[in-house]
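Residue numbers (the working numbering), protein chains in the order written: chain Y, 1 to 204; chain G, 1 to 253.
Check before you lean on any hint, since a few could be wrong.
To be clear about the criterion: a stretch of chain G counts as covered by chain Y if any three or more of its residues have a C-beta under 8 Å from a C-beta of chain Y, and this derived list gives those stretches [said to hold, decoys possible]: (1) 50-62; (2) 118-130; (3) 221-232.
To be clear, the hints were calculated from the coordinates, so they are not data collected in a lab. As the structure is a prediction and not an experimental result, all values here were calculated from the model. Just so it is clear, CB atoms sit at the ideal spot from N, CA and C, and this is done for glycine as well.
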Amino acid sequence: MPQSSDRLKESASQTAGPYVHIGLMPNFSGIAGVFGTDLGAIMVDEKTRGERIDVKMRVFDGADQPLTDALVEIWQADADGFYNSPSEPRAVADPNFTGWGRLATDMTTGECVFRTIKPGRVPFGDGRLMAPHITVWIVARGINIGLHTRMYFGDETTANTEDPVLAMIEDRTRVPTLIAPRDGDIYTFDIHLQGEHETVFLDI
Amino acid sequence: MKTEASGLSNRKPETEAFFPRDRDWHPPAFAPGYKSSVLRSPRKALLSLDGTLSEITGPVFGHDILGELDDDLIRNFARPGESAVGPRIIVHGRVLDERGKGVPGALLEFWQANAGGRYRHKREGYVAALDPNFGGCGRTVTGADGSYSFRTIRPGPYPWPNGPNDWRPAHIHFSIFGHGFAQRLITQMYFEGDPLIWKCPIVRTIPDKAAIERLIAGLDMEATIPMDACAYKFDIVLRGRQSSLFENRLEGN
Ligand SMILES: [Fe+3]
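Next up, chain G with everything else stripped away, as it sits in the complex (with noise of 0.2 Å):
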């Protein structure tokens, strides 16, 4: 674990538990608009727990870890000299908690379809065509105050098998590592303005809308650059500490 390049060295490690989980905010498990979920979803009533210690570590990653294109969905599975084809953009912003502080060293992994709704995958049935240029994957870590940045092509809207003619709105996944196993979690970054967003039955899973307008990246014209790429501001909030406001204030912030 490399402290000093995740930005970790200048705080003390946190050790409290994490605020509960506000399960009337997330999507419940079982929501048999979206079919998959009818088989996947636990019926009965979850055990509540105070986060022991096996909750509230967990592993860290530092910058050591990433390649130099990890970050570049553009270029890191093209040829040599090409790239991947669709509408370049940059996807930035920042990772914080509940308490709004930013999450330093948290490994974000992200995943998508191509320009064209396809994704790299044995099972993809979509007919779209797969981009030679494109895999799909990418990573980064986040810096000192939590924020991040990626390059990568505009994905496209796909079908899928649900109802008899479900789309999804373009999306990337995003999978967050936090400093505590409980906060892990995924989600899915939506594109602002798309009207697919709220047709789709994965999204429509999510009850409060409030908390569907929190996953959807605005498009932000201070961080393009010209000629080059579009930028989309996305802020991901995770599991907060419950850090007393007397240690608060002896960390200053």
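Same shape as in the complex, but just chain Y (with noise of 0.2 Å):
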């Protein structure tokens, strides 16, 4: 036998189940009263600096059908590219705004919208720079493990041209998978769990 390493191992995961709400947004799911308000249910207000967005999402599984059980993290810089968080060794981020945002799809339609800013634009580990992205998590009933992924906007063509993790996609059909078209303040991002179009999830 070759030494350990003597690292603990992670806990294993498991699925959030169908019911997942009840813990991480006991508001939404009917369970008034324990919790003031679901964390993360709001990114924004007056004071945030940057260009006010809305971001859809929906999430298809592999026969198209929407979620209508899923809960989706989103995690962001601010307009000017830094993350509101003790490990961002840069500079202090934009105190208005925490970058983090948590809903639930939609029970019948499957979407979610996050009212948020667009981020600036954030080093990659080399120093040149990512576009502008959101990085998205995605937990359901059926997923076993976490799905982490990222967003990029449409309208920044020449961002995600120099992009450094978008360049990394071998299988360039499927870059698109990880870009939402704009259409006048409204960002669609659909993420297919698997198919012909399934996403390019992240293992990071």
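Build the complex: two chains, separate frames, hints provided.
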């Protein structure tokens, strides 16, 4: 036996199941009066800097049906490209923007809409700038381990072309799965769990 | 963000990337024994990425978001003077990272069925009775050494539509927020000695028996409150950061 690294193993993931809303969005699920508000439901206030946008997301299964029981969390930089996090080493981010949002997909339509701001550019490990993007994490019944992906902005053609992460996608026909088209102030990001249009998911 | 309250103030924030996730230790996306995974599992290879700032940073939640009864599921939905039905238990433990360091300021959110195995949810279909004094959700933030505890009732097992006669063992769902978005984790806690654990198709999505055993909370007689509550100990491990040995030595741990 080789020597062990003596590292603990991460706790194994288990599905969030069909009732994830009870724990993470109790007010949404009809359990009123336990927590004042559902965490992550509101991302911006009148003092938040940056361009207001709506990001509409849907998550489709392998039969092209939208999931009506999924929970989506997003994490993004502020308008200047800084994260509101103790692990952000470069600068203090906009104090009026947490950068974090959490919503359930609608129980009928499967849609959720994040009211947020367009993030600034953040450097990749080697210093090159990444295109503006939103980090996305999806859990639901039937998803055994939370899925990480990224949403890029359809109107950032030049930045997207230079993006070091998009450049790593070997099958170039899959790049558009991470790019949300813009219509007015609304970006639409359709996530496909499997099938012909399967979204590129990340192992980060 | 309240760094002081969350115990982060005495530590330099860490900015390194995380150890890669051991995907063989976690359940695979496609696990046909759990039928819901069939249409909801990505089939293509994941794109491996060394954590960038977008993944190694994450929001932090202070103790100031917590209400007085957030960690008491026996009372947080109950009518004044009443309490939830069922065996009263304390669940406690620590949130650690892969290096064995306690994770302070981690947000834990938990949800569960009532003592009869019934969830308070629009889509719940089990015939067991609702408990008017039990909501089923709670949350807490870990202390300076990564420790946490909360009070609840022991949930009941319940049947669910999968195979012709599948039952979930008694369990509590946990969502854990560490310090980086890449650490984000949802898992479930099971109870020592429950024979349903080893028959459950969701438990069995985890390939390694040792990984399953780590999700089973042990009875902890040291932490019980006589004539009040039994206790179970459940430690949770999040991904650790690739800090250098040199850095560890400087910090003295
Ligand atoms: Fe459950």
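Within the segment 118-130 of chain G, is the number of residues with a Cβ closer than 8 Å to a Cβ of chain Y three or more? It holds, with 6 qualifying residues against the three required.
Examine the segment 50-62 of chain G: at least three residues should have C-beta closer than 8 Å to a C-beta of chain Y. Check passed, 12 qualifying residues.
Apply the coverage criterion to the segment 221-232 of chain G and chain Y: a residue qualifies when its Cβ sits closer than 8 Å to a Cβ of the chain, and three qualifying residues are needed. violated (count 0)
Checked against the numbered hints given earlier, the structure breaks only hint 3 and satisfies all the rest.
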